[in-house]
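When we follow the working numbering, the leftmost residue of the sequence shown carries the number 1, and every step to the right adds one.
Think of the hints as simulated: they come from the structure by calculation, not from any bench.
All residues carry an ideal CB built from backbone N, CA and C; glycine is no exception.
One should not assume that every hint holds.
[Stated by the list, open to error] Ranges of calculated distance between the beta carbons of each label pair, as one might list FRET restraints: (1) S54 x F34: 32 to 42 Å; (2) V27 x D63: 35 to 45 Å; (3) R36 x N60: 13 to 23 Å; (4) D62 x G41: 27 to 37 Å; (5) F29 x H67: 19 to 29 Å; (6) R66 x D37: 39 to 49 Å.
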Amino acid sequence: CEDYTWKAAKDEEGENKLVHLGKNSGVQFIDSIFGRDRELGRTEKWMTGTRLWSMRFDANCDDILRHPMQ
1 CEDYTWKAAK DEEGENKLVH LGKNSGVQFI DSIFGRDREL GRTEKWMTGT
51 RLWSMRFDAN CDDILRHPMQ
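The task is simple: from the sequences and hints, build the whole structure.
So this is what it looks like as structure tokens:
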């Protein structure tokens with residue numbers, strides 16, 4: 001993701017040595033995460049894993065955290 005973002009910033013700034021992330025960099029970041037031709041598969045896999053971890057945490061730890069002395 002970072003490569004796409006910096007490339008967009010360098011394209012906006014030209015040959016400037018000091019590069020700032022601009023609007024196009026943000027668009028490139030979103031495109032790199034959710035774009036079908038970039039990182040969408042990895043993003044979906046990470047989101048599924050995170051969702052599964054959250055459900056397991058709720059099922060196994062929620063009651064312990066709510067009632068620690070029982």
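Quick rundown of the hints versus the structure:
{"no.": "1", "hint": "S54 x F34: 32 to 42 Å", "result": "violated (20 Å)"}
{"no.": "2", "hint": "V27 x D63: 35 to 45 Å", "result": "holds (44 Å)"}
{"no.": "3", "hint": "R36 x N60: 13 to 23 Å", "result": "violated (35 Å)"}
{"no.": "4", "hint": "D62 x G41: 27 to 37 Å", "result": "holds (31 Å)"}
{"no.": "5", "hint": "F29 x H67: 19 to 29 Å", "result": "violated (42 Å)"}
{"no.": "6", "hint": "R66 x D37: 39 to 49 Å", "result": "holds (45 Å)"}
Hint compliance for this structure: hints 1, 3 and 5 are broken, all remaining hints hold.
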